[in-house]
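Asks: Model the full structure from these sequences, guided by the hints.
Take the sequence shown: its position 105, counting from 1, is numbered 153 in the working numbering, and each next residue is one higher.
FYI, nobody ran anything at the bench for these hints, they're computed from the structure. None of these values were measured; they are calculated from a predicted model. Treat the hints loosely; a few may be bogus.
Label pairs and their calculated CB-CB ranges [said to hold, decoys possible]:
no.	residue 1	residue 2	range
1	64	214	20 to 26 Å
2	109	227	29 to 35 Å
3	227	88	43 to 49 Å
4	64	112	34 to 40 Å
5	178	199	16 to 22 Å
6	64	224	25 to 31 Å
7	221	88	40 to 46 Å
8	221	179	18 to 24 Å
Where a beta carbon is used, it is the ideal one built from N, C-alpha and C, also for glycine.
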Amino acid sequence: YLRGINDYEEGVRLKASGMANKKHFEQSIKELLKSVKLLEETDSVQAGLGVFYTSRAYANLETKESYSLSLSLLERLITGNSFIFKQLPNQGEILYTKSWIAFQLYEIDNKQDYLHIAQESIKQTLEEFPNNSSIDASLNLLGNIQYKLGEYEQAEDTFVKLANKSPDSPLASQAWFWA
49 YLRGINDYEE
59 GVRLKASGMA
69 NKKHFEQSIK
79 ELLKSVKLLE
89 ETDSVQAGLG
99 VFYTSRAYAN
109 LETKESYSLS
119 LSLLERLITG
129 NSFIFKQLPN
139 QGEILYTKSW
149 IAFQLYEIDN
159 KQDYLHIAQE
169 SIKQTLEEFP
179 NNSSIDASLN
189 LLGNIQYKLG
199 EYEQAEDTFV
209 KLANKSPDSP
219 LASQAWFWA
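Replies: Encoded structure:
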């Protein structure tokens with residue numbers, strides 16, 4: 049498990065420094081999937097976190113197929129294993145990630161279904177976890193989803209809410225622009 053997390057974090061670090069190397073994410077996926085199988089029987093919370101990090105590693109590969117695999121993992125974790133999901137400490141982050149990945153798939157495929165998945169998930173994030181650490185990003189994503197769906201008044205309201213709620217956020221100026 050820890051080897052998979054370390055490979056994932058190293059991949060994120062290299063990507064942030066402009067030295068993207070997919071091998072760390074691919075190795076992370078292999079290690080995490082192996083650990084999830086081992087942990088399912090003994091530590092379901094750790095296994096659930098392993099599934100979440102596996103989905104993030106897939107998303108960092110940035111292909112249609114990897115985004116689809118990532119979304120599938122998250123949907124199974126959230127709905128198929130809701131007992132485990134409800135025990136996880138980062139539920140808001142997981143729901144946000146699901147929404148973000150569905151939005152990425154929409155950007156690639158232009159299928160409205162992905163926008164609706166993204167919208168449903170981000171609304172659940174904001175309703176159930178209004179003080180989560182990614183509130184600014186959640187509001188920004190919701191505004192973008194509403195805009196893409198042609199819900200311009202709701203998008204404007206969401207962007208204004210973001211700008212007013214978090215005026216020091218790096219997303220505030222972007223929100224004012226879209227509002």
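Asks: For each hint, tell me whether it holds in the structure or not.
Replies: Taking the hints in turn, this is what the structure says about them:
no., hint, in the structure
1, 64 x 214: 20 to 26 Å, "holds (22 Å)"
2, 109 x 227: 29 to 35 Å, "holds (34 Å)"
3, 227 x 88: 43 to 49 Å, "holds (46 Å)"
4, 64 x 112: 34 to 40 Å, "violated (23 Å)"
5, 178 x 199: 16 to 22 Å, "holds (20 Å)"
6, 64 x 224: 25 to 31 Å, "holds (27 Å)"
7, 221 x 88: 40 to 46 Å, "holds (45 Å)"
8, 221 x 179: 18 to 24 Å, "holds (23 Å)"
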